[in-house]
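Engineer: Here are the chains, one letter per residue:
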Amino acid sequence: MKAKKIPATNPSKALTGIEGFDEITHGGLPRGRTTLLEGGPGSGKTLFALRFLVHGAQDHDEPGIFVAFEETSSRIVANAETFNWNLAELQRKKLFFLDAQPTPDLIQSGNFDLGGMLAALGAQAKALGARRIVFDAIDIVLALLPDAAAKRREIYRLHEWLLASKLTGLITAKSGGEDASLGSQQPFGFMQFMVDCSVVLNHTVELGVSQRNLRVQKYRGSNFDENEAPFVIGKNGFDVAISRMLGRQDTKVTNERVTSGVARLDTMLGGGYYRGASVLITGFPGTAKTTLSGAFAEAACKRGERTMFVGFDSDGSEVIRNLSSVGIRLDRYAKSGLLSMISARSITGSAETLLVRIKALAREHQARCLVIDPISTLSKAGNELTAHGVAERLIDWSKSDGITLVCTSLLDEMDGQSKSGTPLQISTLADTWIHLNYLVQAGERNRGLSIVKSRGTAHSNQVRELILSDAGVTLADIYTAGGEVLMGALRWEKESAERVANEVAEVAGKLKLVTLDAEEAVLEVRAKSLQTELVAKQVEKTLLARTTASRQGALSRGRIRMQQLRGGDVPIAEAKRRKK
Amino acid sequence: MSRNLKFMFRLYVAGDTQNSAQARTNLAVICRDHLPKQHEIEIVDVLKEPQRALTDGIFMTPTLVKVGPAPAQKIVGTLNQTETVLHALGLRMEIVAA
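So the sequences go chain by chain: C and B.
Letter 302 of the first sequence, counting from 1, is numbered 302 in my numbering, and no numbers are missing.
Letter 35 of the second sequence, counting from 1, is numbered 35 in my numbering, and no numbers are missing.
In isolation and in its complexed conformation, chain C is listed as follows (with noise of 0.2 Å):
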């Protein structure tokens, strides 16, 4: 399955299946040639040979012998187990296993030759249809013969067996180490310049820690990797760290957005997190940055994502009773096998082998979101100069693989001042970077939270207040007074400071209403009565008109009988009027 991620199969190299290696190499090792791997005791030799062995009979249908001068085969199978290589099934048709450990009985009189071994390998290998061959430990059966001519006739035996043979050949040696007296050195030293491949694996403790790495000291007719790469001995056997080479793809980058778990923190990003962007949180000792990542792995669980929690602080079931104590709740997702919990305080090692590890475990959870608590660990495992390319590298795998990482980082009391950048200066690799702070004032210590960088999204500059309760994790804006920012107890002294003027102002406009009311009412009142007086007057008005009328014609007619009793005349127009 890994084979495929090679990007094309070198006629003239012969693949190793060893991750990392085969790209340093451009292609594994030479095809037809020979191979010398040098390392100290428990570098690794027998490993990355029998992983070369193995990968050639499962995958190429290349069936391979494995010369066994040191250990006895059933033991190399035995501690091969671990390593889900199937040895035993391959052992039958593609894979022999020769054990030539000298005997300790073995009785030693007069020069010897390898010749009858290689003359029986011949046939074995001629049976065999073997393209690959191995000698592991050639160290132990040359340090039997009497000196360093025999030695070196007997290598050149070898080599030449070697190139008739046409196998693509790795011979494993001891270096340095025990045995390190000039005589037994010069035979590999000689080696060194007949072979066309030498690799040379390394076993170091620096600060205490262990640390492999492997390096290609010579390619004849090839280019390749030239400098140290650190390895780790894992699940699959050998897994060499490669930074990203030149000429690989870029990974696809998506728009699409993640819940960081705390809705004002997606407002403020705009959105949320990028899909498969690295985010990195940094803050003090307690700013919460462990509470925040949960959040994240929450939202991611809830999606149905699968999610991987990697603590070095505490073991996974403490992490998820913190976190349920500010309303996480990772345990169902835990029990579910959604979310797996790591505790990384169990692996030891350096930078490069948790790195490894976590990839590992990564790839066999297939995880889609990773949170890494906190990563400023790596930092500590060994010097700072290999953990800032185990951090530069775990971005860039992350990135690839298209996971979402968040990662917190310690920063340290004493360098809070220049918040500048982590020791692992990953805040310059990260796509979002989140700094929790902490605020002490009137005797609190409130947890202020903002957004240092957000590449590729528009992001709030405000810091904003950070609080934790049962319910969860929210923000809450910031009351500035006065130049100041107000946090904590003295926020919500100004926010219900603020209520209760409201609730004053309310009361106070509803009493205003109610006296408005009232006035109404009674100059509703007031009107129907001047109403009903204005009416009373028009009546009254009427009446008077219709009496004066009345009256006046009464007048008139009496005016006009006397008139007419004194026979007085009538005028012509009023006689006129009368008549009609």
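Derived by calculation from the structure, the hints in this document are not laboratory data.
Honestly, I wouldn't trust all of these hints.
[To be verified] Anything over 12 Å on all C-beta distances counts as not near chain B; from chain C, calculated:
#1 N84
#2 H459
#3 E465
#4 V525
[To be verified] Here are some, though not all, of the chain B residues that point toward chain C, as calculated from beta-carbon distances under 7 Å:
#5 Y12
#6 A14
#7 T17
#8 V46
#9 L47
#10 P50
#11 A53
#12 I58
#13 F59
#14 T61
#15 K74
#16 I75
#17 V76
#18 G77
#19 T78
#20 Q81
[Said to hold, decoys possible] Each pair of labels, with its calculated beta carbon distance range:
#21 B:K48 - C:E160: 14 to 22 Å
#22 C:K126 - B:E40: 31 to 39 Å
#23 B:P69 - C:G221: 52 to 60 Å
#24 B:E40 - C:P41: 41 to 49 Å
#25 C:E364 - B:K48: 50 to 58 Å
#26 B:P69 - C:R92: 36 to 44 Å
Keep in mind that this is a model prediction, so the values were computed, not measured.
Glycine included, C-beta positions come from ideal geometry on N, C-alpha and C.
For chain C, the structure is supplied; the task is to place chain B on it using the hints.
Structural biologist: Just chain B now, with coordinates in the frame of chain C:
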């Protein structure tokens, strides 16, 4: 150990290479000097019978195997250190005693 006991030897050689030829000669001399008429030698050429070397577990040539009498014994090399060889074959003590 009776003087009449027969020593069965098997010598694995790789053709006529220098080491193998030397071993043959040395073995013949030892047998002549110390085990007259008391030995039987089988020569196995691993170049001709490679499968046999594989099944018998012979990887260095020349190798002398004392098949009998028990215990079986393996001696690797040209057998040029006669004392070592005699000692390994359990002949040294006997000769001293004799």
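Engineer: Are the hints correct? Go through all of them and say.
Structural biologist: Each hint, compared with the structure:
| no. | hint | verdict |
| --- | --- | --- |
| 1 | N84 | holds, 29 Å |
| 2 | H459 | holds, 70 Å |
| 3 | E465 | holds, 76 Å |
| 4 | V525 | holds, 127 Å |
| 5 | Y12 | holds, 6 Å |
| 6 | A14 | holds, 3 Å |
| 7 | T17 | holds, 6 Å |
| 8 | V46 | holds, 4 Å |
| 9 | L47 | holds, 5 Å |
| 10 | P50 | holds, 3 Å |
| 11 | A53 | holds, 4 Å |
| 12 | I58 | holds, 5 Å |
| 13 | F59 | holds, 4 Å |
| 14 | T61 | holds, 3 Å |
| 15 | K74 | holds, 6 Å |
| 16 | I75 | holds, 5 Å |
| 17 | V76 | holds, 5 Å |
| 18 | G77 | holds, 4 Å |
| 19 | T78 | holds, 3 Å |
| 20 | Q81 | holds, 4 Å |
| 21 | B:K48 - C:E160: 14 to 22 Å | holds, 20 Å |
| 22 | C:K126 - B:E40: 31 to 39 Å | holds, 32 Å |
| 23 | B:P69 - C:G221: 52 to 60 Å | holds, 57 Å |
| 24 | B:E40 - C:P41: 41 to 49 Å | holds, 45 Å |
| 25 | C:E364 - B:K48: 50 to 58 Å | holds, 53 Å |
| 26 | B:P69 - C:R92: 36 to 44 Å | holds, 38 Å |
This entry satisfies every hint, going by the numbered hints stated previously.
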